[in-house]
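As they're listed, the protein sequences go chains A and B. First residue of the first sequence? That's 1 in the working numbering, and the numbers climb one at a time after it. First residue of the second sequence? That's 1 in the working numbering, and the numbers climb one at a time after it.
Keep in mind that the hints were calculated from the coordinates and are not lab data. Watch out, some of these pointers could steer you wrong.
Said to hold, decoys possible - Computed footprint of chain A on chain B, listed as stretches where at least three residues anywhere in the stretch have a Cβ under 8 Å from a Cβ of chain A:
#1 2-8
#2 14-22
#3 32-41
#4 44-53
As the list claims (entries may be wrong) - Heads up, incomplete: computed chain A residues facing chain B, CB under 10 Å, no partners named:
#5 Ile47
#6 Ala130
#7 Ala135
Beta carbons are placed, not taken as given, at the ideal position from N, Cα and C, and that holds for glycine.
One-letter residues, chain by chain:
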Amino acid sequence: MTAEVEVEPPAASGSSWLDVRDVKGLDFCSPALLRPHGLAGVLSISIGLVFTVRSVLGMNHGAPASVVAPYVALYVVSSLVSAAGALGLIKKAPSSTRVFFKALAMLQIGLLYFTYRFATFPELLGLPPAMRAIADVAMASLAVASLLMQIYGVYTNTSDTPRGLRVATFVALAAISALAGYPGQLALFGESWLRKVCQWYPMQLNAFTCVLNSGRRAPARPDAHRLARCQVLRLHPGDVWTQRTYLNYTGRRALALWLSHLLTCSRARSIAR
Amino acid sequence: MIAFSATLHLRRLISTRAFVAIILGFVFGTLIPTVLSQEFHIPYVSTQKLLIFSRPAWGCQRWC
């Protein structure tokens, strides 16, 4: 989300972290009332925060689609309005930074399409498979192009940007670029790839979007989910399959295991019973 | 949030230090909890792999 930027060359960095005196000057309804960039951005970030917290607490995994769909719809619409508003505000940004804002707005639009794509909305709208395939390729290309634009922008920006700021931008870009991985594979290999992935990993659509429940294409399969949680907590140590999975633990899984023991050991045991 | 904080930084409402903190804080503050929560809430039935070309090495005979 970006707010309106006046054409005003920034001075040297100040010592204070936040100057709240000019916050009242932000125009949350520009560039137009139909696409209020700031207002939509606040809504989008608020819903996204609720999504993330729900996801971390596990409230979205296995929840019915009717519960999650309104959040998703609101998030997609508000973010889309915000991105459209940002594109209208780009000309007000300093010329050296326009490429970043344009690329970020494009990336947001591309990723919003895939939020929609990995949820249940394609079925709801009855999008034909051919149209869907074309849209997949177009939006994945948009996301990849926007990432390349940002990298190009970092390289060519020769203004007096502090080195720490450049490093932080690179780190953030590297983390964000991971988001284009699944859309890229879907665009390259098509719907059959997605079906196979959902067969191999029944809850993978939840993982694609982190928070979305897509009960239609990938049923929640409570038995598999419950079984997996019991296995994490070693509630079935005699199971050969369980022992084999333990051999494949990565450090990340081990850390999650440790956290799970700390946080919800008693809750998981009650599920197992 | 990154772009929003960038506009605030350009308008001199936040310092460079605050901008860097927001960039890194929001990116990793979102990434790490979501990765860990996926490992915790839906292990085995989902994967963290960025490139998915094959079935799980440990098999998926329970549901495949």
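Hint check, failures only: 5, 6, 7
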